[in-house]
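As you go down the protein sequences, you meet chains B and V in turn. Reminder that position 116 of the first sequence reads as 116 in our numbering, one-by-one numbering, no gaps. Reminder that position 133 of the second sequence reads as 310 in our numbering, one-by-one numbering, no gaps.
Bear in mind the hints are in silico, worked out from the structure with no lab data behind them. Just so you know, even glycine gets a beta-carbon here, dropped at the ideal spot from N, CA and C. Wrong hints could be hidden among the right ones.
Unchecked claim - So the derived label-pair ranges between C-beta atoms look like this:
hint : chain 1 : residue 1 : chain 2 : residue 2 : range
1    : B       : P89       : V       : T239      : 32 to 40 Å
2    : V       : H353      : B       : Y20       : 53 to 61 Å
3    : V       : G196      : B       : I5        : 26 to 34 Å
4    : V       : R351      : B       : L19       : 50 to 58 Å
5    : V       : L315      : B       : I5        : 50 to 58 Å
6    : B       : P63       : V       : K235      : 16 to 24 Å
7    : B       : S51       : V       : K269      : 22 to 30 Å
8    : V       : R228      : B       : M1        : 51 to 59 Å
9    : V       : T239      : B       : I5        : 32 to 40 Å
10   : V       : K235      : B       : K7        : 33 to 41 Å
11   : V       : F192      : B       : P111      : 16 to 24 Å
12   : V       : Q356      : B       : I31       : 19 to 27 Å
13   : V       : G196      : B       : V69       : 33 to 41 Å
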Amino acid sequence: MLKLIDKVGRGAGKVVGILYQAGRDSIDQVITNILPFMAFVSFIIGLILKSGVGTVIANTLVPLSSNLVGLLVLSFIVTLPFLSPLLGPGAVIGQIIGTLVGVEIGRGTVPVSMALPAMFAVNGQCGCDFVPVGLAMSEAEEETIEYGVPAVLYSRTISGPIAVLLAWVFSIGLTYQ
Amino acid sequence: MATLASWAEAFAAIFKEGGNVFTGIVGGILPGLIVLMTAINALVSIIGIERVEELGRKAGGTSPLLWPVRYFFYPFIAGFILTNPITHMMGKFLPERYKAAWVENSFRAMHYGLGLFPHMNPGEIFTWAGISSGVESLGYSTAELAVRYLLCGAVLMTISGIITEKMYFWLWARGHNGQQPTN
């Protein structure tokens with residue numbers, strides 16, 4: 001009987017410990033990663049909505065993101081092998097352009113049916129700055145890195161527009177309610 | 178004087194609007210996200226990473242049936258359990274010749290699940306939330322959009338994995354008198 005109580009007690013203690021640590025990890029994440037980015041994004045959105053910047057951005061971004069051809073062009077530009085490593089770091093550019101397109105969708109200037117293709121178009125460059133590091137993290141040999149980096153960058157220029165087309169196909173039948 | 182006052186008002190309006198947006202996204206996204214992240218963090222520490230390694234060793238074969246496994250399931254499951262950036266280390270269980278295509282997709286895996294599992298890469302959540310919050314502000318539900326984002330991502334990851342793999346083999350052959358990579 002005492003053994004049973006002991007076992008249950010230990011088990012409960014272990015579960016509580018895991019859950020507590022999990023909670024601590026997620027709060028850490030929120031404070032170090034999520035909240036700073038939210039503050040930054042809020043400032044950018046405030047600036048866009050309440051100053052003249054919004055019209056300038058809208059004039060350049062809306063024609064590109066409001067139709068399939070524009071999104072294909074956008075995805076091609078961001079995945080060019082010499083641009084994508086510059087646009088990649090921290091996914092910051094992708095997140096900002098995404099947020100700007102989101103604001104325009106909210107305003108109604110970009111049709112909501114373009115949401116999914118736009119998500120792929122503005123993020124075609126994801127990770128392109130990080131290819132050598134990623135390969136090194138996977139313990140790749142020097143020669144693998146030498147051929148692997150251009151392989152990823154070149155293939156992005158092909159798969160970028162494919163992603164937008166695919167997302168357009170996947171949007172078929174998506175009804176917003 | 179009146180002009181100055183109107184400037185000051187316009188200046189303050191930017192930050193007032195920014196503050197409204199901030200309380201909107203903090204109140205709208207954070208509470209659920211924190212609870213979900215806690216639950217999944219706990220689940221992950223119970224599952225452990227040994228099973229991920231096992232999947233990685235199996236995914237390195239030559240059969241074309243392994244394409245979706247190697248370029249979608251493996252990076253996605255690794256991303257679900259290990260999150261960014263530890264996931265990118267899991268390519269070490271694959272043969273050298275597949276590592277370029279693996280890395281390509283371990284990057285992609287960090288974004289396409291964010292609509293459903295934001296714990297995978299919370300620092301880059303706005304790759305999903307930027308556009309989805311625009312959809313949400315129109316009063317629409319984003320659940321179906323999140324599911325389609327992941328499904329479309331799954332197909333795309335398989336395709337882009339194959340493209341990168343072929344591209345790597347082609348570049349390698351050009352540098353080695355037409356020989357294919359062997360290890």
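Cross-check of the supplied hints:
The hint said 32 to 40 Å for the Cβ distance between P89(B) and T239(V), and at roughly 35 Å that hint holds. Between H353(V) and Y20(B), the C-beta spacing of about 54 Å keeps the proposed range 53 to 61 Å intact. In this structure the supplied range 26 to 34 Å is violated for G196(V) paired with I5(B), their Cβ-Cβ distance being about 53 Å. Between R351(V) and L19(B) the beta carbon distance is about 54 Å. The supplied range of 50 to 58 Å therefore holds.
A hinted range of 50 to 58 Å holds for the C-beta pair L315(V) and I5(B), which are about 56 Å apart. The beta-carbon spacing between P63(B) and K235(V), approximately 47 Å, falls outside the hinted interval of 16 to 24 Å. A beta carbon spacing of about 49 Å between S51(B) and K269(V) contradicts the range 22 to 30 Å that was offered as a hint. For the pair R228(V) and M1(B), the beta carbons lie near 36 Å from each other, so the given range of 51 to 59 Å is not met.
Range check, T239(V) to I5(B): Cβ separation about 55 Å, and the 32 to 40 Å hint is violated. As the Cβ distance of K235(V) to K7(B) is approximately 36 Å, the hint placing it in 33 to 41 Å holds. One distance hint, 16 to 24 Å for the beta-carbon pair F192(V) and P111(B), is violated here, with the actual separation near 31 Å. Hint check: Q356(V) to I31(B), Cβ distance near 52 Å, so the stated range 19 to 27 Å is violated.
The beta-carbon spacing between G196(V) and V69(B), approximately 38 Å, falls within the hinted interval of 33 to 41 Å.
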